Amino acid sequence: MKYPLQDDGLWLPGEDDVEPSRRTFLKLAGFGVASAGLAGCSRAPSEEALVPAYPEVLTTAGLPYSVATACGGCSAACGILARCRDGRPIKVEGNPEDPRTEGGLCATGQGQILELYDGLRPRGPQEKGKPSSWIKANEALAPLRSTGRVRILTGTITSPSTRSWIERYLSGCKDGAHVEIDAISSSAALDAHARTHGERALPTPRLDRARVVACFGADPLGTGLNPVEHTRAWSKARRPESGPLSQWWQFEATQSLTGGAADRRLRLAPWEYAGALAYLVEALATRAGRSVAHGAPEDVPHAEALEELAEALWSARGEALVLVGGNDLTSQLLANHANDLLDAYGNTLDWNRSCLARRGDDSAAAELAEELAAGSVDLLIVEGCNPAYERPDLAPHLREARTLVVCSMGRNETTALADWHLPTPHALEAWGDEEAETGILTLRQPTLPLLFDGRTLRSILAGWCGVEQEDRELVEEHLRSQVYPRTDAGIPFDKWLADVRQLGVVVLPAEGRSLSFEAPTVQVAPPERDPSLLGVVLYEKVGLRSGAHAHNPWLQELPDPISRITWDNYACLSPERAAKLGLAEGEIVRLEAEGVKPLELPVHVQPGQHDDIVAVALGYGRAGTDRFAGLDPEWIEGRATIHAGETIGVAASPWLAWVGGRQRTDTREARLVPTGASVQLADIQDYNRLELPAALAPKGAEVRDNIRLADADGHLFEHGEHHPAAPAELWPEDHPRPGHRWAMAIDLSACTGCSACVVSCQAENNVPVVGRDEVRRHREMHWIRVDRYYRGEDDDMALSYQPMMCHHCDNAPCEAVCPVLATVHSSEGLNQQVYNRCVGTRYCANTCPYKVRRFNWFEYRRDDATANHALNPDVVVRDRGVMEKCSFCAQRIAQAKAAARREGRPIQDGEIRTACQQSCPAEAIVFGDLADPDSAITRAMENGRTYKVLEELNIKPSVAYLAEARHHHPASPLSEKAEAPDVH
Amino acid sequence: MHTSTKLFALIALLLGGSAIVANSDVHLPGNHQGYEPVQPIAYSHRLHAGEIGIDCLYCHYGAARSRHAGIPSGRICMNCHSVVTDSFDNLVEERQRAAAAGEQPKRTISPELRKLYDYMGLDKDLKPASSPQPIPWVRVHHLPDFAFFDHSTHVAKGVACQTCHGPIQGMERVRQEKSLSMGWCISCHRQSIPTPTCVAPEGEPSHVSTDCVSCHL
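Taken in sequence, the protein lines are chains A and B. Under the numbering used here, residues 95 to 1078 are what the first sequence spells out, in order. Under the numbering used here, residues 3 to 219 are what the second sequence spells out, in order.
Looking at chain A on its own, in the form it has when it is part of the complex:
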């Protein structure tokens, strides 16, 4: 018997009556939880908004469904699936249809769900800080189009339809221009390609095709242009089981994620990049039988390593790649030359899919600054960037425009200056088309009706051009006229569009372009610097990036993968430099430099950093971060994360420098003055090295063996003394194990430490934010932590990461000590935590050898009722006094089982993906059923690199790790017992 299972085709009042509009729906059902409770079966918020990615799902109360859309975390606009329930998104996951990410998503992308439900977003347009309306705003602003000089200042626009509307709007101005800027400029790389290839574009590096990579100061895996895409591609070349490992050489001044993942990492100061590159280019040219003189210095550092690198690159030409970070034209030109010599263009550098995610032009920005300073700009429209905070070149002049209109989702430093603040919708509420890489278009479609009254720049400009159309129509019109003809779909547009809305991604045929190369004439000048000063490097952190996400508490509390510090930025110094200056962790120093306000920051001692460098993270010191003033639990010894009027961290963006018209993050020089004060940084890791502290180390076990290493062929190194597990078994021999055996394996070779899993888990499992002071007391609540270990020293140092969560031990120590049976074993091997039974003795946390249990010391604050819409309704929100920990996403297992039961079939391998696994850009996590002999997890467990941590305790963990395979491991007791393979 068929039941009308969806509202489509049901009775509607009046025959010719149209669907109730979006607003009617809001009135009809109320938004969110109330509607779920009252209406039961809540109608789709707007007919268009809810096109499920998979046909099975319908808007039935409690039934999750996915909407394919585009991420708004950064300009890479990765394809995402917004997992919705009862008409609102509750979790964001990568879209497997996006050929770049194949389903991965980064920490920033995971965090955006909280920004959607930010209760402090403005409700509508504001005129000079006072609430206004769109009608008034349009009346006041639309006529300004013809007033005189109009400038539109935006971040990189990846939406072709927005770009065309900007052009159309400006074409009606007497003097109109569009200026694109980026918080971190890639102008030099673009200009270098304009010079060498005649096109101002960035070819996309293909890390899956590269066998040897030399990387100078770039961080493609951590904070680059599309870290998810690059991590995915990189990880494919880093599994010994699927072919030879790629070889990665990293030259950098600060410790980056990419540096941590490299085979060889050498410290090089930013002022030495150009010299080293010139040396490399000359060495490659010699091998190519050409003579090139770029003025490589005689005393180039790491000459021997560079020679070795040149040989490795040359022997892998066609599959070799040179990447250079920073915004120095000389280095970028040299990189292009090296890549041309290595035959990288067309092979490891893809012109068909050039990167469109960063197109800011430093010279155009400089021109705009001049115009503004001269007071000749009549209307300045700012969108998608926050120049008052992130661009000190433009910030002082913004107010000199006659009318300043700022389009921004939330309040920020620039909207504070604005005459008009026009709110834009969040990415999850908006329509859009995003082309961040040529020919790969992600469609953005709303996942819920607009929470607040925002409009996109596209629809604002269209309105001012006199086109009164819905945003959806503007996007569809553009797709119809510009994108659809480029496809070879062979089906009518409407059908094609319906498909695209299901998939969320359009992949257009590649054009097969190749550009001719013209060798640049470059002369490297010897660096001029004062050796008594320290070079300053400003860098981005994973999660917060350049500061756009500073209002997101998840990302603020996300431990930096390298320093493991939360809620702060700090001045990183190398251990040697810190010792020389007599500075210890947490001591506050003042950085002084000419022409900028001094910065006062606590010191963080960062192994692996160049000795002549002090590194400071951008993205902190954002206005409005005092929103976290009421975040901390209130108790007698509690200290507030922040007080009203303060900021989280210190803004380092005023220290951005302009050299030769280019934005630079690495050219300032500073004097370090100790202030005598000190703070305790909110650091979540106590022991940072794999080598044990001498006082603790028993003989023969001077090194922790939780991380194990393998050579490039995947052979596990034997090390240390083995402590075979006692054969004792907690369960009787005939204990029935009838069903599934859930288990997880994590490939340490692929893990870059990016921490996407941490935020994904937090979003999925309603993990609370505890605040800076509680983190200092090691009371953070993350169910998964990514431990980071250093091994080796200085120029022969490597980082190892180890995601650590509940191991669901078969002989679990926690289960034996719980006096109230609140933690017990399930028949499927899960270590269950029953919150409603727990009385909070914390015995289990004390006995857990992995230290992965988390105690709710307090009722953590969930004051923002809007933000609570991000809570997952399938998981309990835990109360004070209750222990919690990773459940292997038991709710996802339950949902998959329910689906299988409904359909009367067994669960398929790969059907259940835990939140951490789903998000992992490197596909490092495998989860599945050990009872299935053909499952991926069974295969992973049989891999030669597989080992278990603390196996000798006979606790039988269900989580295994795959040893970290590299070409070269730093000399350490971990690897010395095996023959260290040569880097070849």
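Derived by calculation from the structure, the hints in this document are not laboratory data. Remember, it's a predicted structure, so these values are computed and weren't measured experimentally. We put the beta carbon where it would ideally sit given N, CA and C, even for glycine. Be a bit skeptical, because a hint or two may be false.
Stated by the list, open to error - Pairwise CB distance ranges, derived in the manner of DEER restraints:
id: 1; chain 1: A; residue 1: Gly213; chain 2: B; residue 2: Lys129; range: 35 to 41 angstroms
id: 2; chain 1: B; residue 1: His191; chain 2: A; residue 2: Asp302; range: 46 to 52 angstroms
id: 3; chain 1: B; residue 1: Lys129; chain 2: A; residue 2: Glu997; range: 39 to 45 angstroms
id: 4; chain 1: A; residue 1: Gln563; chain 2: B; residue 2: Pro130; range: 24 to 30 angstroms
id: 5; chain 1: B; residue 1: Lys180; chain 2: A; residue 2: Pro1027; range: 39 to 45 angstroms
id: 6; chain 1: A; residue 1: Asp957; chain 2: B; residue 2: Cys82; range: 44 to 50 angstroms
id: 7; chain 1: A; residue 1: Glu997; chain 2: B; residue 2: Arg175; range: 31 to 37 angstroms
id: 8; chain 1: A; residue 1: Glu335; chain 2: B; residue 2: His191; range: 40 to 46 angstroms
id: 9; chain 1: A; residue 1: Ala583; chain 2: B; residue 2: Lys108; range: 53 to 59 angstroms
id: 10; chain 1: B; residue 1: His191; chain 2: A; residue 2: Gly934; range: 23 to 29 angstroms
id: 11; chain 1: A; residue 1: Gly1004; chain 2: B; residue 2: Pro130; range: 45 to 51 angstroms
To be verified - Interface residues of chain B toward chain A, partial, derived using beta-carbon atoms under 10 angstroms:
id: 12; residue: Ser68
id: 13; residue: Ala71
id: 14; residue: Pro146
id: 15; residue: Phe150
id: 16; residue: Asp213
Chain A is already provided as a structure; the job is to place chain B on it using the hints.
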């Protein structure tokens, strides 16, 4: 007072107390057995599910595919009640009156359906007149927040609605028939008698799970 008298009084008190608990509406905290709230519209399950015999899943279609059975939206009601606007007797009477008077029968609306139309924002001709409002149904069956019950699994395994909801087809107003306590759930799970429709797919245990994570997520 003698010790034996005190003891007797205490025993009498305990016995009397337990007798009261056993024979009255006094329950353990959280047990709402017997709850029978007045609803905004006097909707009768006896009439719809019992007398007319409409399948439960017609209105509570979520039960077959989702965790929640769902309270149907007014549009589900309107699938029939856009035509059926009054009780059968009244409709027949109006028809007879109209036939006798040689007129077209007029639309009559029962007082309870008028309430539905008011919530739907419809006038006497069932044309949209005002903005629709959600119907404030009162939820009867309510599990604690830490218990997760999945309707779809139970429906798929052929558990009858009445197993948990009692003789709903005879209830004029819905009443919570069972205690819905954990002990009550578990007692059924422990019996784990596989029904003909409850055949376990390959690889799944043939018993009904009593793991904590089956319900406590």
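Now the hints, each set against the structure:
no.	hint	in the structure
1	A:Gly213 to B:Lys129: 35 to 41 angstroms	holds, 39 angstroms
2	B:His191 to A:Asp302: 46 to 52 angstroms	holds, 49 angstroms
3	B:Lys129 to A:Glu997: 39 to 45 angstroms	holds, 43 angstroms
4	A:Gln563 to B:Pro130: 24 to 30 angstroms	holds, 26 angstroms
5	B:Lys180 to A:Pro1027: 39 to 45 angstroms	holds, 42 angstroms
6	A:Asp957 to B:Cys82: 44 to 50 angstroms	holds, 45 angstroms
7	A:Glu997 to B:Arg175: 31 to 37 angstroms	holds, 36 angstroms
8	A:Glu335 to B:His191: 40 to 46 angstroms	holds, 43 angstroms
9	A:Ala583 to B:Lys108: 53 to 59 angstroms	holds, 56 angstroms
10	B:His191 to A:Gly934: 23 to 29 angstroms	holds, 28 angstroms
11	A:Gly1004 to B:Pro130: 45 to 51 angstroms	holds, 48 angstroms
12	Ser68	holds, 4 angstroms
13	Ala71	holds, 8 angstroms
14	Pro146	holds, 8 angstroms
15	Phe150	holds, 7 angstroms
16	Asp213	holds, 4 angstroms
In terms of the numbered hints stated before, the structure departs from none.
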